[in-house]
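S.K.: In case you want the letters, here they are:
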Amino acid sequence: MKAQDTLLYLDGVSVSFDGFRAINNLSLVLQAGEMRAIIGPNGAGKTTMMDIITGKTKPDAGDVYFNGEVDLTRHDEAEIALLGIGRKFQKPTVFESHTVEDNLVLALSGPRSAFSALFHKQSANEAERIEDILYTIRLNGKRDWLAANLSHGQKQWLEIGMLLAQDPKLLLVDEPVAGMTDAETAETAKLLREIAKTRSVLVVEHDMHFVRELDAKVTCLHEGSVLAEGSLDFVSNDQRVIEVYLGR
Amino acid sequence: MITQWFFTHVDRRGGIAIALLVAIAFLVPLSNLLLPETSPLHIPTYLVSLIGKYLTYALLAVALDLVWGFCGILSLGHGAFFALGGYAMGMYLMRQIGPRGVYADPVLPDFMVFLNWKELPWFWHGFDNFWFAALMVVLVPGALAFGFGWLAFRSRVTGVYLSIITQALTYALLLAFFRNDMGFGGNNGLTDFKDILGFNIQAGTTRSMLFAATALFLALAVFVSSFIIRSKLGKVLVGVRDAESRMRFLGYRVDRYKLFVWTISAMMAGIAGALYVPQVGIINPSEFEPANSIEAVIWVAVGGRGTIIGPIIGAVLVNFGKTYFTAAFPEIWLFALGALFIIVTLFLPKGILGLYGSWKTKLADHAARKKDSAPPPVAAENVHLPEPQAAE
Chain V
1 MKAQDTLLYL
11 DGVSVSFDGF
21 RAINNLSLVL
31 QAGEMRAIIG
41 PNGAGKTTMM
51 DIITGKTKPD
61 AGDVYFNGEV
71 DLTRHDEAEI
81 ALLGIGRKFQ
91 KPTVFESHTV
101 EDNLVLALSG
111 PRSAFSALFH
121 KQSANEAERI
131 EDILYTIRLN
141 GKRDWLAANL
151 SHGQKQWLEI
161 GMLLAQDPKL
171 LLVDEPVAGM
181 TDAETAETAK
191 LLREIAKTRS
201 VLVVEHDMHF
211 VRELDAKVTC
221 LHEGSVLAEG
231 SLDFVSNDQR
241 VIEVYLGR
Chain U
1 MITQWFFTHV
11 DRRGGIAIAL
21 LVAIAFLVPL
31 SNLLLPETSP
41 LHIPTYLVSL
51 IGKYLTYALL
61 AVALDLVWGF
71 CGILSLGHGA
81 FFALGGYAMG
91 MYLMRQIGPR
101 GVYADPVLPD
111 FMVFLNWKEL
121 PWFWHGFDNF
131 WFAALMVVLV
141 PGALAFGFGW
151 LAFRSRVTGV
161 YLSIITQALT
171 YALLLAFFRN
181 DMGFGGNNGL
191 TDFKDILGFN
201 IQAGTTRSML
211 FAATALFLAL
221 AVFVSSFIIR
231 SKLGKVLVGV
241 RDAESRMRFL
251 GYRVDRYKLF
261 VWTISAMMAG
271 IAGALYVPQV
281 GIINPSEFEP
291 ANSIEAVIWV
301 AVGGRGTIIG
311 PIIGAVLVNF
321 GKTYFTAAFP
331 EIWLFALGAL
341 FIIVTLFLPK
351 GILGLYGSWK
361 TKLADHAARK
371 KDSAPPPVAA
381 ENVHLPEPQA
391 AE
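Read top to bottom, the protein sequences are chains V and U. Residue numbering for the first sequence follows the UniProt record's numbering, beginning at 1 and increasing consecutively. Residue numbering for the second sequence follows the UniProt record's numbering, beginning at 1 and increasing consecutively.
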């Protein structure tokens, strides 16, 4: 496959930390508009892969292309974010001493220079977008709350809202339902499916029930490379996947 | 119109502080100059200078709070910017002495004649002009902070490592300024000033005017800080303080934001130093002592970091304490200072202003419970701020 026709293209990517090969000759392709679930045991390299895509970690070898033409290994985190890749962390990371609304204001796509921020005035359009997102993430009643006072699930949602505010082409979502109740998990799956209608989404998740609800193509990672790829049923029937991950 | 513009950028507490500072900028000099010495409201000149000195410390504390309280950059070397501003002002004051020095050289300051120097070093040129010196008061600390910050923030030096190199910065400057051949008066520094802008620096009127200028600059610093903090840039800074990498993944160039606020803060510290020197009458390398910078951190912690106003209260109270203790019980001052820092860290993590805030919340909470036994509303103003992360 050629990189040109893809949204995200990883080919032969490797990275080691102190001799440990976290990612080993990993190749993965994501089409525009696709939703993909990544599963795999602990230490399979799921989070490291996200670090490489978002510029936090530079690979030792291999190609990482975005939109078919942008070499992500040549850009840093801020530049990659501005190219249109948003990331949600495993541990919900919101700005706790800011209100829910201010968290979204900070995430909202727009100029990022210090000078424009100093004299920034909120436009009607921006206010409207924030309103929409607050509604989408079901936090419109809590806009003045400090993010610190939200429940764990609400923080996860706020972070997803911040991703939406960034208006990215690709969302990387790391374990979005960790610590959520069943009802919240179902709602989150619904929300992500909704988001995936207009953007590409890459979800890392352990919860197989949730992965099934996402109804997406699944990639199983193991020891830094792809073990199996296909529909959830295909992957979960793969003998090696059962051995290393799902258990017998 | 102007008041409306003012209040969109300053909260109520900041507005009160600015009003008070402007008021004392006028009232203290008036009391000193116009009231007879017998009046109970007369403020003697020595006290005017003493409070003026405290207010320059307060200005340094506000500058430090801007980077530490709001952006999480714990500088243990802010005294360096203060001292550089002070030296720039001191150089102007030295040039104003003219032929009235002990050696009566029309151009060279006394210490240069003493060292057998024949002409003025190049970097002393221009300092006979007040406005050139005033420009240097902000430019020199600003340029140093910019260069230092550019290197440190781009290489992502943070936390305790950054604190240590700020400490090294001020220590290096201390050693450099001690050397006679640096051309800044070495050990003795710059002193024996006569005039500022043509006015006798010892005169009561001049002292009152210096006091007024200090109070007004402090008010301006409160306004500038509030303006920055209440802008979107201020929200970005707090975001950097609480979750720096999150900010990067949102697409913000964190290093540039830090560099901006760091440079502004250094310039404020420079102005504080420039106002300090004419009021105490001397600047010498001991102002670069790392201990001075650490004391400034204590003022901010005692007053309440991340509050803009708290550091002013902290700086004035701690220095009142210092003046009193070093006179009454000189041997225990350092112990008292150490104990104060421990007590504040343990029991008042948000400083005096934070204590006041939580006390007010408690009272409101109590009143609400008394009124009807319904649970207190969970509105934003009733909610406790999360504890600030310890200086990492």
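Simulated from the structure, these hints should not be mistaken for lab results. Where a beta carbon is used, it is the ideal one built from N, C-alpha and C, also for glycine. Treat the hints with caution; some may be incorrect.
Covered stretches of chain U, going by a simulated chain V footprint (3 or more residues, C-beta under 8 Å) [what the hints assert, rightly or not]:
no. : stretch
1   : 231 to 240
2   : 250 to 258
Below 30 Å or equal to it, Euclidean Cα-Cα: the simulated DSS-like pairs (lysine-lysine) are [stated by the list, open to error]:
no. : chain 1 : residue 1 : chain 2 : residue 2
3   : V       : K169      : V       : K190
4   : V       : K121      : V       : K190
5   : V       : K217      : V       : K190
6   : V       : K142      : V       : K197
7   : U       : K118      : V       : K142
8   : V       : K142      : U       : K194
S.K.: Are the Cα positions of V:K142 and V:K197 separated by 30 Å at most?
M.R.: With Cα atoms ~27 Å apart, V:K142 and V:K197 stay inside 30 Å; holds.
S.K.: Holds or violated: V:K142 with U:K194, Cα cutoff 30 Å?
M.R.: Not OK: V:K142 and U:K194 at ~62 Å, beyond 30 Å, violated.
S.K.: For V:K169 and V:K190, compute the direct alpha-carbon distance and say whether it is at most 30 Å.
M.R.: Holds - the C-alpha atoms of V:K190 and V:K169 are around 19 Å apart, at most 30 Å.
S.K.: Do three or more residues from the stretch 231 to 240 of chain U put their C-beta atoms closer than 8 Å to C-beta atoms of chain V?
M.R.: holds (count 7)
S.K.: Does the structure keep V:K217 and V:K190 at a Cα separation of 30 Å or less?
M.R.: holds, 16 Å
S.K.: So is the stretch 250 to 258 of chain U in contact with chain V by the C-beta rule, three or more residues under 8 Å, or is the coverage claim wrong?
M.R.: holds (count 7)
S.K.: Does the alpha-carbon distance linking U:K118 and V:K142 stay inside the 30 Å limit?
M.R.: This hinted pair is violated, its Cα atoms lying about 72 Å apart.
S.K.: Quickly compare the C-alpha distance for V:K121 and V:K190 to 30 Å and report which way the hint goes.
M.R.: Violated, at roughly 34 Å.
Checked against the numbered hints above, the structure violates hints 4, 7 and 8; every other hint is satisfied.
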